[in-house]
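Since the structure of chain A is already known, use the hints to place chain B on it.
Residue numbers (my numbering), protein chains in the order written: chain A, 1088 to 1336; chain B, 1191 to 1460.
Everything labelled a hint here was simulated from the structure, so no lab data went into it. Treat the hints with caution; some may be incorrect.
Derived lysine to aspartate or glutamate pairs resembling EDC-like cross-links, with alpha carbons at most 16 Å apart [as the list claims (entries may be wrong)]:
1) A:Lys1193 / B:Asp1331
2) A:Lys1139 / B:Glu1291
3) A:Lys1193 / B:Glu1270
4) A:Lys1132 / A:Asp1184
5) A:Lys1132 / B:Glu1326
6) A:Lys1139 / B:Asp1229
7) A:Lys1092 / A:Asp1148
8) A:Lys1132 / B:Asp1323
9) A:Lys1193 / B:Glu1387
As the structure is a prediction and not an experimental result, all values here were calculated from the model.
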Amino acid sequence: MIELKGVCKAFNGHQVLRGVDLELGEGETLVVLGRSGTGKSVTLKHIVGLLKPDKGTVRVDGIDVPTATAAQLAQVRRDVAYLFQTGALVNWLSVRDNVSLPLVEKRELPPGAIRELVDESLQSLSMLEAAERMPAEISGGMKKRAALARVLVAQPKAILYDEPTAGLDPIMARTVGKLIREVQSSGKRTALVVTHDLELAFAVATRIGLHHMGQLIELAPPDEFRRSRHPIIRAFLDGKDDIEEGLTS
Amino acid sequence: MATLKQTIEDQGRAIRLIVAEAGFTVSVLGRALRCIGPDLRHRWRFLVDQLVTCGVSPLPVVCVVGLFTGMLLALQVGIELAKVGQSEAIANMIGVILFREMGPFMTAMILTASVGSAMAAEIGTMRVSEEVDALECMSIDPVSFLVMPRIVAMAVMTPVLTFLGNVLGCIGGGIVANTQLNVSPSVYVRNLLTSLESTPEQFGPLPEEVYTGLVKAFIFGILVSTISCASGMHATGGAIGVGRAVRTAVVRCFLMLIIIGYYISWMFFK
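This is chain A alone, in the form it adopts within the complex (with noise of 0.2 Å):
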């Protein structure tokens, strides 16, 4: 469904992507690891043609993205959903009214009929109490959960989550790690999740890839990745100051 060749980016002469292969299957949730600020959420932002790579290929379902036309890219977005970080709410928004956003811009279903899909959204994440409240006056967990509700209440067939439990503690990112559990199990839907959270990685991944120096490496199922004697994830996973800690051991 999801496929990058090669691709590469530079910001102001810092190559940030150094030749990024990626392939992701139907119903797959991928999980990339990796340190802050080596390339992750660019990566992601590629896929969704927010970024345009500097050389190689984003495919999504056949369409070549930073090639696109306008109702091609539409339709990319309408497949693949992001999670941000932040979660993005529209801060002038109430909770409801931005959840609803997607349906209302899409202007294709009666008022009713988005209040219906917006409460049943809003009630699978547990937000309905707080849907009138504006997202201010919200936690960052609900916050977080406001924002995926509004990715599913889209119904995509993908989602991509951007550190999906990046500031919350411990008990609100198991609660949100369980969620996307329920979110990929019920709807059979793609992810493709970039973490730095060992234990988010390894309780929703069906493969794991670890994003060093711009480039993927490893990309196996949790338990090999576990298992892996590369130097590189060996240093990742016992947390290793520096990576050449890793390469030496």
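Just chain B, lined up with the frame of chain A:
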């Protein structure tokens, strides 16, 4: 030699950046104008919010500035006119200066400082906190969603505020003319109306002095909102980037108001 080359390269980069940002601003305006027709009726709620923001929030400042601009004009020009025994002409001067130039310019300056800067900050914050990216990911055009209602609201409210500021300026000028220059209110009002009706060009019931000022205010409204929103859309790099976007917006608005204002006046009164 190397320093000279470096300087030329730096200047070239700076010029390229200015041209690129000017092009971006024009493209934002083009996109906003294109989506007024299909999208405006879906954005009425936000449009009403923006009409209130652009029209009601700066109202006290516009009133005070308008009143005192008229008073200042009357005082400074009146003193000189009194020296040549032409105190009564103060009304003509105030009418023409306020309605043609000062009114639209002062109002646009106030709106730049109070509303334009806020627009740049709001959209800039949304840009750096990925809210604009999130809109794009939902196939929502950020220009239609965020920029177009703001431009429409400013285009509507700037002439309204300008007219109000002009009227208050005339009242302020009348107070000073009466209390300090001994010009009677009836003479002041008569001269004021004569100055505004003296031109043969009319646009409906509006004399040229009034409608040219309102046209100018309308263009200024579009200018301020477009530059401010485009600066916000271009923001990068967190809080510093938002601060930079606001500063850029305010400086560019001031510059463009004075430059474009001159050319509009030149077009109408050459």
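The hints, checked one at a time:
Restraint check for Lys1193 (chain A) and Asp1331 (chain B): the C-alpha separation of about 11 Å stays at or below 16 Å, so the hint holds. About 46 Å separates the Cα atoms of Lys1139 (chain A) and Glu1291 (chain B), which puts this hinted pair outside 16 Å; it is violated. Distance hint between Lys1193 (chain A) and Glu1270 (chain B) is unfulfilled; the C-alpha atoms sit about 64 Å from each other, more than 16 Å. Proximity of Lys1132 (chain A) to Asp1184 (chain A) is assessed by CA-CA distance (about 25 Å); at most 16 Å being required, the pair is judged violated.
Under the criterion of a C-alpha separation no larger than 16 Å, the hint pairing Lys1132 (chain A) with Glu1326 (chain B) is consistent with the structure, at around 11 Å. Simply put, Lys1139 (chain A) and Asp1229 (chain B) have alpha-carbon atoms about 28 Å apart, too far for the 16 Å limit, and the pair is violated. Distance restraint check for Lys1092 (chain A) and Asp1148 (chain A): the Cα-Cα separation of roughly 14 Å lies within the 16 Å cut-off, and the hinted pair is therefore satisfied. The straight-line distance between the Cα atoms of Lys1132 (chain A) and Asp1323 (chain B) is roughly 9 Å, inside the 16 Å bound, and the hint therefore holds.
Using a Cα cut-off of 16 Å, the hinted pair Lys1193 (chain A) and Glu1387 (chain B) is violated, with the two alpha carbons roughly 52 Å apart.
The structure fails to meet hints 2, 3, 4, 6, 9 from the earlier list, while all remaining hints are met.
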